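Assemble chain S onto chain H, guided by the hints.
Taken in order, these protein sequences are the chains called H and S.
My numbering applies: residue 1 is where the first sequence begins, and numbers increase by one.
My numbering applies: residue 1 is where the second sequence begins, and numbers increase by one.
Since the hints were made in silico from the structure, they are not lab data.
Please read these numbers as outputs of a predicted model, since none were measured by experiment.
C-beta atoms are modelled at their ideal positions from N, C-alpha and C, and glycine is treated no differently.
So these bits of chain H aren't anywhere near chain S, every CB distance computed over 10 Å:
| no. | residue |
| --- | --- |
| 1 | Lys38 |
| 2 | Val46 |
| 3 | Gly63 |
| 4 | Lys68 |
| 5 | Phe113 |
| 6 | Asp114 |
| 7 | Glu128 |
| 8 | Tyr172 |
| 9 | Glu211 |
| 10 | Ala242 |
| 11 | Tyr287 |
| 12 | Ala301 |
| 13 | Ser305 |
| 14 | Asp384 |
| 15 | Pro386 |
Partial list, derived from the structure: chain H residues whose beta carbon lies under 7 Å from chain S:
| no. | residue |
| --- | --- |
| 16 | Glu94 |
| 17 | Glu140 |
| 18 | Asp154 |
| 19 | Leu166 |
| 20 | Phe182 |
| 21 | Ala185 |
| 22 | Gly200 |
| 23 | Asp320 |
| 24 | Leu330 |
Simulated restraints on C-beta separations:
| no. | chain 1 | residue 1 | chain 2 | residue 2 | range |
| --- | --- | --- | --- | --- | --- |
| 25 | S | Glu231 | H | Lys138 | 49 to 55 Å |
| 26 | H | Asn362 | S | Asp171 | 25 to 31 Å |
| 27 | S | Gln216 | H | Gln250 | 48 to 54 Å |
| 28 | H | Gln382 | S | Ser266 | 33 to 39 Å |
| 29 | H | Val170 | S | Pro93 | 43 to 49 Å |
Protein chains: 2
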Amino acid sequence: MLGGAAMLQPAVALANAPQPESGADCEVGSKAVPFDGKHQAGVQTVPAAHLNVLGLNLRAGVGKKDAKRLLSLWTEDARRLTQGQNPLGSLEPEMVQHPSNLTITCGLGSRFFDIVDKQDQRPAWLKEDLQFSKDQLKPEWGQTDLVLQICCDDPVMLAFATRHMLRSGVDYVQQQWLQQGFLNAPGVKDPKATPRNLFGQKDGTVNPRSEDEFDQQVWIDGEDDAPAWLEGGSCLIVRRIAMNLDTWEQLDRESREIAIGRTLDSGAPLGQKDEFDQADYDKTDEYGLPYIDARSHMALASPPSDKPKEKLLRRAYNYDVPPNTGSEQLSNAGLVFCCYQKDPRKQFIPIQQRLNDGDRLNEWITHTGSAMYAIVPGTQEQGDEPYWAASLLEG
Amino acid sequence: MLGGAAMLQPAVALANAPQPESGADCEVGSKAVPFDGKHQAGVQTVPAAHLNVLGLNLRAGVGKKDAKRLLSLWTEDARRLTQGQNPLGSLEPEMVQHPSNLTITCGLGSRFFDIVDKQDQRPAWLKEDLQFSKDQLKPEWGQTDLVLQICCDDPVMLAFATRHMLRSGVDYVQQQWLQQGFLNAPGVKDPKATPRNLFGQKDGTVNPRSEDEFDQQVWIDGEDDAPAWLEGGSCLIVRRIAMNLDTWEQLDRESREIAIGRTLDSGAPLGQKDEFDQADYDKTDEYGLPYIDARSHMALASPPSDKPKEKLLRRAYNYDVPPNTGSEQLSNAGLVFCCYQKDPRKQFIPIQQRLNDGDRLNEWITHTGSAMYAIVPGTQEQGDEPYWAASLLEG
Chain H
1 MLGGAAMLQP
11 AVALANAPQP
21 ESGADCEVGS
31 KAVPFDGKHQ
41 AGVQTVPAAH
51 LNVLGLNLRA
61 GVGKKDAKRL
71 LSLWTEDARR
81 LTQGQNPLGS
91 LEPEMVQHPS
101 NLTITCGLGS
111 RFFDIVDKQD
121 QRPAWLKEDL
131 QFSKDQLKPE
141 WGQTDLVLQI
151 CCDDPVMLAF
161 ATRHMLRSGV
171 DYVQQQWLQQ
181 GFLNAPGVKD
191 PKATPRNLFG
201 QKDGTVNPRS
211 EDEFDQQVWI
221 DGEDDAPAWL
231 EGGSCLIVRR
241 IAMNLDTWEQ
251 LDRESREIAI
261 GRTLDSGAPL
271 GQKDEFDQAD
281 YDKTDEYGLP
291 YIDARSHMAL
301 ASPPSDKPKE
311 KLLRRAYNYD
321 VPPNTGSEQL
331 SNAGLVFCCY
341 QKDPRKQFIP
351 IQQRLNDGDR
361 LNEWITHTGS
371 AMYAIVPGTQ
381 EQGDEPYWAA
391 SLLEG
Chain S
1 MLGGAAMLQP
11 AVALANAPQP
21 ESGADCEVGS
31 KAVPFDGKHQ
41 AGVQTVPAAH
51 LNVLGLNLRA
61 GVGKKDAKRL
71 LSLWTEDARR
81 LTQGQNPLGS
91 LEPEMVQHPS
101 NLTITCGLGS
111 RFFDIVDKQD
121 QRPAWLKEDL
131 QFSKDQLKPE
141 WGQTDLVLQI
151 CCDDPVMLAF
161 ATRHMLRSGV
171 DYVQQQWLQQ
181 GFLNAPGVKD
191 PKATPRNLFG
201 QKDGTVNPRS
211 EDEFDQQVWI
221 DGEDDAPAWL
231 EGGSCLIVRR
241 IAMNLDTWEQ
251 LDRESREIAI
261 GRTLDSGAPL
271 GQKDEFDQAD
281 YDKTDEYGLP
291 YIDARSHMAL
301 ASPPSDKPKE
311 KLLRRAYNYD
321 VPPNTGSEQL
331 SNAGLVFCCY
341 QKDPRKQFIP
351 IQQRLNDGDR
361 LNEWITHTGS
371 AMYAIVPGTQ
381 EQGDEPYWAA
391 SLLEG
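Only chain H is shown next, with the shape it has when bound in the complex:
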């Protein structure tokens, strides 16, 4: 168990910055990500191995006072759980001894602002009806009033933390969905290396990495079209993307690489050598054909030359769950695609519109769920924002 000292560390601006470089983590169980800070943890934090995203609705009759109580309770619980400390009301101190880089990140859906009577504080971009023409959205993965993104390197701690948050909020919220995902286990590979998804594709090469890039792409500031209380926050979009491995695997490697626009082994743009080499869309092969297909996933996901700000943080996890009974599908797999940005109107939406319209990968992927949330700013235990969304709800 962590000593008391870990709890007493002051919250600092770097609280949620990426962790130190390391090829593998030998004591992952005792690692705790600071909870308080300018931003919430779980966004800029290097993704832990396991993900539970909970979509929750406020119960009928819950109003502003209850919402304050809920977010205050949850903040206290998350602050303790992430530091390996037993939250109030828990009879199971043994279950929190291995925080394992646990993060718990809270976001608000559009209807939350109606319920707490703060319509004027709702960001203009927060919509309920994000749907593209090729989407096959299922209501069971749809919009909710609240979201908790819970990440942890240990699946047992993750299960306990998820359950504790649900139990703690049970008088105020009802769970609508739980989306579970995974990346490589701790100690398997360098946690800073780009993870592979189940298509074998390195997924997240162009993600922001520096503080500046996060400030430019992810964290809301005074320059952005958002209410002042949301400065330091972000916008999360959760898309569930089914990946048809059965038909994908009928392709040869070259066809797979053409659809993606990158090589499978190194992740380099086609025609280049290394993962982080710049793509050259004009480069042609010996027959005069472009290396990179204009309808490849990479080409369409990249910002157009006149809109260099169309970038965002991909924080996607794989899912692989049992196929429906009697199905002849070999697997039921895909991505819980969480992405973070300042303003979806300038980032996810135009990017996804291009992908929806032209991406070669659409033959093998289907968006089946969509929800959008305002990720509230970070908290300070003794400061102006003692609990999630305090400055929204106290105002």
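Coordinates of chain S only, in the frame set by chain H:
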């Protein structure tokens, strides 16, 4: 990726023995458990963090020749995958670079012996209809012709290996169910320590640990009532056990400990100090009441004094999946309880009969799935048993 040397290591008797003591594993990705040996890996092997158990049925029209082809193909695939080598026909060498203690263990259900016309070689204990009075078995977790127990410390490698085995066998078998489970991640805690389940209970304290104990409880030999071809094999029972955390959590700690018969913190028998202390069923407290309730889980799971051989290997994994849509249950959790033994008539069945009839834990747990398999002996790439069940099928 592993070098060629790892592949060339001779299969030795210790192949599947528990791994060296270590508190945490810094290079878990490159760890490979030897595939060939007297026994299959994945039984005596320290459980890896993640589990996929696949229940599969032979397709209509598949006969002995096809079954041989299937098991031969699967053995080759498993032999390569577990050593971090790309199996034949896979276009994704990048996906097998981190074997992460992968094991793939094969078992045969009762109907398999009918299909290959080897009824006389079916062990007498291999039944299809294991049901106790309190069971609420669902057909979707029922008996199948074949089972693959796939364990791995890395969930990405696990997903790839599971998928490859399914694809490789697709002409011969259809997946009936997939049961997924987890333990602590590598690096979180000592992998030799007894894991906790989601009741917070240390689960598996009395498991066999020494070679002698495995020989006495798990591995079939000439003394047991089983056909000769099965020597070196075992019997696997897979029970799906739902655990009602919502009502369990209404208990105070003392009531939980009474139901279990052990303390929650150390796992010691009530009235004792350490996890591995002998339980004293006659010991009474200051009021003359026994420390250990005769209907506690521990008391009923322990071998009666006149039947000291009623022991087995518990190799249980936690599951925690989304509740059904609209359910007011906070969680849908429990155990994928895999247990190994020489002869279920002398081990699992009498133990479970006692638990079914009297276990206090029955108020919070429900058995919802049951299946039984003959775990075939280990293989030798260049020996008499080049593939799973060769001596059964070649005879």
